[in-house]
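Hey, can you piece these two chains together into the complex? The hints should help.
Listed here are the chains, written in short residue letters.
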Amino acid sequence: MATSSVSKVSGRRGCVSGYAVDVPLAHSAPPPPAQLRPLPLPPALDGFFLSLCPRLVASSLAEGAEGWGSQGCFVFKPDFKRKKISFPIADYFNEGESLSEDSKLRFDTCQLLWQQMKSEAEELQEELNKNLFDKLIEFLEKSHLEFRKKSTNWNYQIKSREIPTAALVLGVNVTDHDLTFKGLTAMLRDTITPYVVSLQAKECPDVKHLLQKLASQVMGCHIDMESTEEEEEECVQLSQKKMHYSMAFLSTWYRNVTQKKGSESVNKKITSSSQWKKSPPIVIILKDIESFSTKVLQDFIIISSQYLHQLPIVLVLGIATSPIIIHRLLPHAVSFLCIELLQSLSCKEHLAKLLDKLLLTTRFPFKLNEKALQVLINIFLYHDFSVQNFIKGLQLAILEHFYSQPLSILCCDLPEVKRRIHSLSEDQCESIRRLPSFMRYVEKQTPEKQVASLTNERFLKEQTMRFLEELHIYHENFFIVLKCLHAFTSSLPKYPLGRQIRELYCACLEKNIWESQEYEPALQLLRMLAKDELMAILHKCVEVFRSSPGKQLGSTAEKLKEFLAQFQSLEETESNEEENGSGSQQKGLQKTDLYHLQKSLLEMKELRSSNKKQTKFEVQRDKVVDMIDNLVRKYLFPPDTQTLYEVVYFTGAHTLREHLNAAPRIALHTALNNPYHYLKNQALKSEDDSIPNVAPDICIAYKLHLECSRLINVVDWSEAFATVVTAAEETDPNSTASEEIKEIIHARFIRAVSELELLGFIKPTKQKTDHVARLTWGGC
Amino acid sequence: MSGVQSRVSPSPWVTSRATLVASWLRTRAVLREWTLPPTLKFSGLGRFGEVLGAQCLAPRETLIVMSHLKQQKVKMLEVQFVGDDDVLNHILDKEEEYLKNGCVASGGNKVYSFQTRKKPEKMAELAYEIAKTSGKSVPLICKNTEKMASTPQSSKKQSTSEKDQLKSDEKNEFLSTPYRLRKRLTAVSTFPSDTESEYSDSNSEDDKGIKQEEEKISEVLMDQKRLTKHSSLSSSSCKKVSAKKMKKDTTTDLVEEYFEAHSSSKVLTSDRTLQKLKRTKLDQQTLHNLLSKFSPPFSAELKQLNEQYERLFHKWMLQLHLGFNIVLYGLGSKKELLEKFRASMLQDSVHVVINGFFPGITVKSILNSITEEILEHMGTFRSVLDQLDWIINRFKDDSSLELFLLIHNLDSQMLRGDKSQQILGQLSSLPKIYLIASIDHINAPLMWDHSKQSLYNWLWYETTTYRPYTEETSYENSLLVQQCGTLALSSLIHVFRSLTPNARGIFRLLIKYQLENEENPSYIGLSFQDFYQQCREAFLVNSDLTLRAQLTEFRDHKLLRTKKGTDGVEYLLIPIDTGTLSDFLEKEDKEA
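From first to last, the protein sequence lines are chains A and B. For the first sequence, the tail end lands on 780 under the numbering used here, and the numbers increase by one without skipping. For the second sequence, the tail end lands on 592 under the numbering used here, and the numbers increase by one without skipping.
Hint data in this document are derived by calculation from the structure and do not stem from the laboratory. Since this is a predicted model, take the numbers as computed values, not measurements. Heads up, some of the hints might be wrong.
Coverage of chain A stretches by chain B, computed from C-beta distances (three or more under 8 Å per stretch; other residues unrestricted) [to be verified]:
(1) 381–390
(2) 396–410
(3) 657–664
(4) 669–678
(5) 769–776
Below, in silico cross-link-like pairs of lysine-lysine (DSS-like), each with a Cα-Cα straight-line distance of 27 Å or less [to be verified]:
(6) A:348 - A:130
(7) B:303 - A:685
(8) B:419 - A:202
(9) A:742 - B:293
(10) A:208 - B:419
(11) A:295 - A:208
(12) B:419 - A:213
(13) A:77 - B:340
(14) B:563 - A:763
(15) B:315 - A:104
(16) A:461 - A:444
(17) A:623 - A:559
(18) B:315 - B:432
(19) B:340 - B:315
(20) A:680 - B:315
(21) A:616 - A:605
All residues carry an ideal CB built from backbone N, CA and C; glycine is no exception.
Okay, chain B solo, but in the shape it has when bound (with noise of 0.2 Å):
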């Protein structure tokens, strides 16, 4: 068969039944081909109709199509003959499209795949039905999460490829499509338009855009509407696609995801925060103690879970000596399994314990630990790369030198780096140093190319054990926990008496002046010119070069930042709370 290729003239039926036909697909490839250009590419007309009243349109409405077409037909100034391959990729191309919005249209329910909708109400939703349903599970989340249950199967047989999830993807997606439908009508109606203003645009606070998300999504539940009605219709011409063309869609259908996710700038979520609903933020210390109160329930199956890996010690020692390393992933804190690990098995070893949760560590305290508490080394190195050359020549000359390294999240923020991994990889890549390693974040495993993964030689070892991060997430500031500023004094204390006389003075004046105007909001910081005033006053420096280059040793430190003002003017502020300052003053007074 060769299709026809028609160049018709844009008429107002057509470019009206065009916008419908696109605000349901809401895919811009698909306006840009059916609108904008003056051309309609229609390629076989039998075929056409096909498609189409498969997509969106009620059989009577495609009769009307396809009438008007032939009407068109007639008046036909040009006619294409194409070939037969690309009437059949432009049908796929059609069906690719149209399966792909089926996707988003019932949430395209894979494991990290892309999401499109926006829904701010869903989530209190979803906590009601749960919370509804007490000690019994949500038959709810199950829509939701067909795909995601799936996964733990899969995670057995991880090569039980995305195929056959994809095929049965393709099947429910028409089954929970009227669900679907449902839960978005009851949506909207229970938020009526005096609650609009509470959510708005993210990103502009812009109403003309949740207008037109509004009304965006009105006209999305239409032809959701209109879908259901023809459901079985549109199943059949889905199962046409062959399955091969089904795999290439995949990997599009990811990649146009996601750029339809992030070019989208506005995403709905309301606009409450936490000032009105006075909920202070806590600082680690009332946090921890509430926390205590609390106990975490299923000790027993927890025990026994972590029984379970005890036993794997002596296995992991045998490993451990033959050469490989070993690296441990899984929900939960795997600290006191470690710990437990390092109390029964390397008592009678060296061995260095490295907290990489610790925001301070480096590889260079890694490095500078070994060298010179184990092997008792006090000279210095030039650089990170000598120290290791050196440690590496000693462990190969003495071969009586064993050496167990136990790393708390080697995926750390401070040790995630190329050069940090290459050298802990180098470490322990050598045979009398045993790595035993602990990993939590979801892309940790990207740390290492081929080369970094040959060196640390690992053997992988599940152990979910479902503990809280307590030590890993008491230095992380989450947003949620204030700072509760002790660990600022210290440092700063630490710091403070590293200086000599005079910056004391000058820091002390900068902090004097933060505490007074502690009450004005609107107060960015002491101008730079005014501070040296301030200073030569007090006798402290006698130019601003002097001045300057104090303030360089204490923005090094992190305990200065400078801000340029509106007026282009210096603006001095230290970054740290006014109680913690207050209290470090006072405490300096004391002492002096």
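The shape of chain A in the complex, shown without the other chains (with noise of 0.2 Å):
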């Protein structure tokens, strides 16, 4: 009882306060009477409470819980006087056993390489998001210069009526869109004023609730700011009044600190334009403008450009649809402001960029089979365009990965792999022994070598190392070789390869890219490119290889760049032929008429077609293309022909789908529809997807229930469920005897349909008596 004593206070206040705070929304029905209930008890009347309710008691005392029932919370402390066993995250990695050297190990480097990960990509939203914010502090700079000048003129005073506003338009998905708002107001922070302020939507249902966030946050960084502890006093002593927040306030606030700072030496940290050193404007973010109400966005608005010559204010909005969307909301205040649109990097260039950070790279020796890959990229896709969404699951692939590949521990870089190779257990190499890669490879070799790959340690962690080397290999070649590929194939005409790298990546990881039905009309398109295009790509390629690391395709580097100085002589040279062979045609046609240049026209594709002599330009093209053909035929080739592919390759799509992107409701209609799919029972089971009478009681209820139009008639459905259960119990329905078994029958009834309800299939109704209400459709 030690525990429940401590924690009534907390449900009890929950109980009797909180009606008004937590209205449900779904279900409309009014609070039953019964809502009464939840009222608990004093602690005195405990006992008499659980004698009334034994049910309660004993289901509370089997729980080992007490006082069950009469509250919502129970808070659990373990005893501190028992020190406290730390227990390690890594422990829960190896399925609770006793912690062995290798699990731990694996699990370190699945953190390490995590981490690695997440850092990488996090570097690159700071980087991709340094354009959007470099833009943004030029805007700053721009504006309130007349404020700053402390410049008195009347134009000046009727142009101070606007307040320059930044609209940021950063896309759908909103829930990348905190880290972009996190790195903003760290920026500016950093480089422009202390006094940033971020409001949501939610903080905010009224002007003064606004007001009050706005000033608090502003005196708050100042606080950060001021390190002196008069001045803090003050500042708490100020935020303790829980004063009237105004907007009159904060701007005799605002003065009274500019004025002291203009005196004092001025915070180090903001090293930027020094004029904004005396007057550091007041960023205001709006996150989620959309969110926000028209009349509380417009009152603020009006208000805070009255006090615009007394507070340099500035105002950036973030906008998840489009820029309309301010005069939608703000069809007055709108003329109060001065717009200046800002766009962020499309969610799906985001994702492009992180694939080739993360994945189209040798950095990180973890790698997405084709399943896996495309799951993610269809949650991005189909569900949210979320990129931190993508992060999580590549996280939880990794997770996946270290967890059920015992392997794994070689998912290293290759130095490291080396080291571990020479320690790798007997078990861990009866392990490579089995995957069904190395035992495609062992058949394939002739019986000596078959009999020591099999039997010797030694000769076995030689082939693993050497497997995994040439492993990295393949990998780097792959990704040079698709990256060109792409070049070559992503500016033709309706994409026959796919637009993205994405979708070239996951039809190669398929299977022979060269086998696919769209890989011959592509080569064909190739072969019609333009010079210049051609040479555009060609820039490209080159450049590809000049930023991979590998070596290994330095010939065909050197080959590259060749054809790109053959190209350029050409154009020299055409140039001039151009010249001559324009000139002579012209003037063969001057003097035709119509009927003498058709003939002249046929002519000269007769000659053309019989000769099919091709420019210089043509061969040197059919040359590049031919050469990029054997590329792909070469080194494109998918990873599951590489032996120990295992070890790297994450394969587990269904786990990533199961957990991500589940479906409960098709889950609950499989439970209730066919039992046998959970309950291996050969009761259960049916050959024609029909429910047996031994079903559980939901089951049955359920399917009857299906055959109901909008209203259930609970008699018949109750002699329904009474005739099916009887049946299934072999009792002779007639006998009066068996009034006992009848009620239990009907209390089992009860008991189906209450759950039935609680899961959202029915609801009572008052439409007409006895009868409760459909909430799904269909079924029959």
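Given below as structure tokens:
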């Protein structure tokens, strides 16, 4: 009872005061009179109450928690007198078995890899945001120029009614916005002004709250900046008074602070433009402009525009939809804004860059197989466009890979692999031998070698090392060629091999790309490229080679450069030729009439087709295309052809889908309709997808209710249920002695019905007596 | 080809034919198009004949139509040329409607699709057939649930779209129609006219409505008969519909069927009530006693299933520590499973168990237990948001703090509100707060939009346990379960004790009056004026304002309900059953 007596306080308070706080949204049925029951008991009455409710007592005692049922929250604290044993997370990694050195190493590798990938992703995000932020800073510097000069001319006074506003169009992936804003706030604090306020719609139901938040955040920043004690005290006093915040108050405060600052030495952090030092602007970030109510925004903007000559306010609006929303939200107040539109990078490009940094590189050994990657990409494309969620999926994939694949211990850098291979245990060697890809390899070997690799541990380790090195080289080449191929095919009309590199990558992971239907047409299109296009592509390819660290395809790079040089020289000679050629042709065509013209054209056509004389450029172009074709055939075969690919490729696509993109309704439906799917009992098995009458009660009740339309008569339902259940128990339904059994069956029916109600299939209705309403449709 | 749009004056023949067609189609949209305007739009005579013939008419009848139309054509006043596209669209529209109605005729057996059929007798029949074949599966249901059965497979591959299912649907529609028809015929014959009175319209007890309904059904039957004769013909016409068009149809189908299901106010169900059956409502106690006598089957399989989930505990701990939160879904109570998880994994860490199904739970009480008991803060907070901010700051400052939250039924009535979810989401997004929760409602995932989902950072785990929702439903006031009143009594006592002596007296007066009128069936409450008079006489109040103030307090605690009578006078009623009230009085008297 010790715990419950401690916990009671919270439960009671919550109940008494909680009614008004939380009104349930869905199922708008008025709260039943039974709402009274939650009011819990004073401690003294506890025993009394429990004696009245033996059922609850029974269940609560069984579960070892006292007072169950009289309140909702139970706090459990471990005994702190006993020394707290801190469990490292790694303990959970190995299914709770005693922690072996191996699994600890595996977990550490996993964590290290994830941290590296995460920081890489963060860096990328920063880099991508930089462009946007630079523009924003530029905009901030332009705004409030006059304010800083303290100009008093009339023109300025008029103009100063307009609040400088930056509208950031960030796209629909709302979940990614938080990071952007976080970065933005930090950056602004560091470079421009300490007074950065970020507001969310849910914090500001009305203007009063908005101003309160605004003032407290602005002054809060101030406290952070100043370290002198007296100042702090003053500020604390201010906030303790819980004063009435208003713009006027804020502006006097601002004047005080800036004047004081003017004399003092200014914070060292802010280094940019010196004019800001005297009067740093107040940047107000409204994170989700769409969720703000029109009235609040409108009032706030009108108020702040009045104070604009005292407070240098700058607004930053985060927009998820389109800039039109500003006009729709603020039909009147928009004239007080001086808006500058800034666009962030689209989430698709962000994803492409992310893939390039994290997966299409040999920096990180971990890879996803085709299906797993497809799952993550599908979630991205069809559900949320959120890069953050993609990264989360990647994290889960890494975790699952290291958790489920014991050989993932070798999924690390090459030098590290060497060390680890030496210390491989016998079990681990055995699991290498059991890998399908390794078995495939062994089968192809000569008998002596087969024996050696299956029995000789040292030989096996050498082989493993060799394979992993080969895998590394394979990846190096794979990504270079993939990027080159993408450079070639991404600009083709209709994008036969996909527009984004991820599509091409998925196709290459799946099977030999050159065997796909789209490959041949793509090559044919390539053979028709114009020279300038081709040269641009070649430049790109050379760039790819230059940026990649590996030196595997050195000769190809040389070859590419050669081609480029040849094309350039061709250009010069050809330009001369073209001039000559065109000149002569024009001469020939000038004098003819229509008939002659057609005739001569026909002749020319024949001449060309018979000769089929290719220009030098065409010959070169074919050579380039052939070269690419060869490269593709040589290097772009899918990873599952590689021996030991299982070590680095994550293959559990279904786990990803199950845990990230679950379908609770379908699971419920399956459980209700086909219990055999979960309970492997032959009695429940049915060939034709119906359910037998021995199925769990709720399944039978569910099945019967499917036969009804909007309303269900409970009596009919109950009788139908009883018919089924009695048949299952093979008792004589006519015997009167079984009154008790009937009662039990009725009770079971009641339980099944209330469970269906809990699950949301039915609800009580007052349309007709003893009826319930169905909440789903169809089913029969 | 260009179609001819002809304007024909309505002839008696056309209208009668049209009503027949319309009654079969049963779609008001079609009705409008075929009968209401005086102009009949035919697009291309040949095509029209084909469509019409394919839809409902015997070949001979088609011929008649066509010849008739030819005659009409001679007298035609206007001939309009319309584009091929219009013609095609028109034909496709027709076929669409046809197909849709085909769906309806065979029951529209989609997972949660809409349905329009009224068949009160269906359930009993099904039950009878399930029962008949004991221990064996029943082939009957398979017809009804072909669609349903296909979902288990699709649960694996969710994306193997509806298109395939639709195609298969299309095929067996025509196969099952004759069967359906037989069912219908027998159904009607087994319920002769004298039992008709058993069935009444649910919304208006209108005999006329029933008759119309019956007529409608018989008409439908006739048409269905005709349809089955020519089912081969119709299926051939169906194939002409391009796949693309079909895809479009499914959405419009769903939408239209929804409105059809909800616009028709007549739902035919039997009038029987529980009272006639002499099945009294059980209270929680007897219900529980009865159920304890029944041992659920398949315990071995259930155990196996649960062991399978228990093996995941370590993985859950790992994933919780790595920043994910875990949500469990699937049929069956997950309380025991979570309890086991708590017992085996959380013994050495601070954790809070939250019973979401408890009717008095609020976010505030959850936050209170965190601030007061875990962070040991004794102050109060102005608002829930302030409290949340405070907690977040504490957790940020003190990195040694760790907290596990176990929430049973995160989707319960009290917690499913937007604000509650937002706050819980923000709590769970803290790196040192680990949340593991269960959901049961079919629409539970609708609580979370993208931003909330990213706050929660869920990993979903399916844990279908088939365990009865004993605790969860014990608070639900099901219509079949009589309120035992014990909880009401305890809360009544609790509130009563916090009142001033005068207020207690007032309330006692009201209780007594209500108990006196226990037997009176037309008792609607004590009128305010009478009550005031009584209170004055007992020296409990001195003005009606003070009385009103007291009543407001009762009302806030839901101990009182006021109702305007027909004479405009306010009547006061205690919404608690008499048994509980008399228990309460007895107890109070004893105490005093």
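Here is how each hint holds up against the structure:
no.: 1; hint: 381–390; in the structure: holds (count 4)
no.: 2; hint: 396–410; in the structure: holds (count 3)
no.: 3; hint: 657–664; in the structure: holds (count 8)
no.: 4; hint: 669–678; in the structure: holds (count 9)
no.: 5; hint: 769–776; in the structure: holds (count 5)
no.: 6; hint: A:348 - A:130; in the structure: holds, 17 Å
no.: 7; hint: B:303 - A:685; in the structure: holds, 18 Å
no.: 8; hint: B:419 - A:202; in the structure: holds, 9 Å
no.: 9; hint: A:742 - B:293; in the structure: holds, 12 Å
no.: 10; hint: A:208 - B:419; in the structure: holds, 20 Å
no.: 11; hint: A:295 - A:208; in the structure: holds, 12 Å
no.: 12; hint: B:419 - A:213; in the structure: holds, 19 Å
no.: 13; hint: A:77 - B:340; in the structure: holds, 17 Å
no.: 14; hint: B:563 - A:763; in the structure: holds, 26 Å
no.: 15; hint: B:315 - A:104; in the structure: holds, 15 Å
no.: 16; hint: A:461 - A:444; in the structure: holds, 18 Å
no.: 17; hint: A:623 - A:559; in the structure: holds, 11 Å
no.: 18; hint: B:315 - B:432; in the structure: holds, 17 Å
no.: 19; hint: B:340 - B:315; in the structure: holds, 15 Å
no.: 20; hint: A:680 - B:315; in the structure: holds, 25 Å
no.: 21; hint: A:616 - A:605; in the structure: holds, 19 Å
The structure meets every hint from the earlier list without exception.
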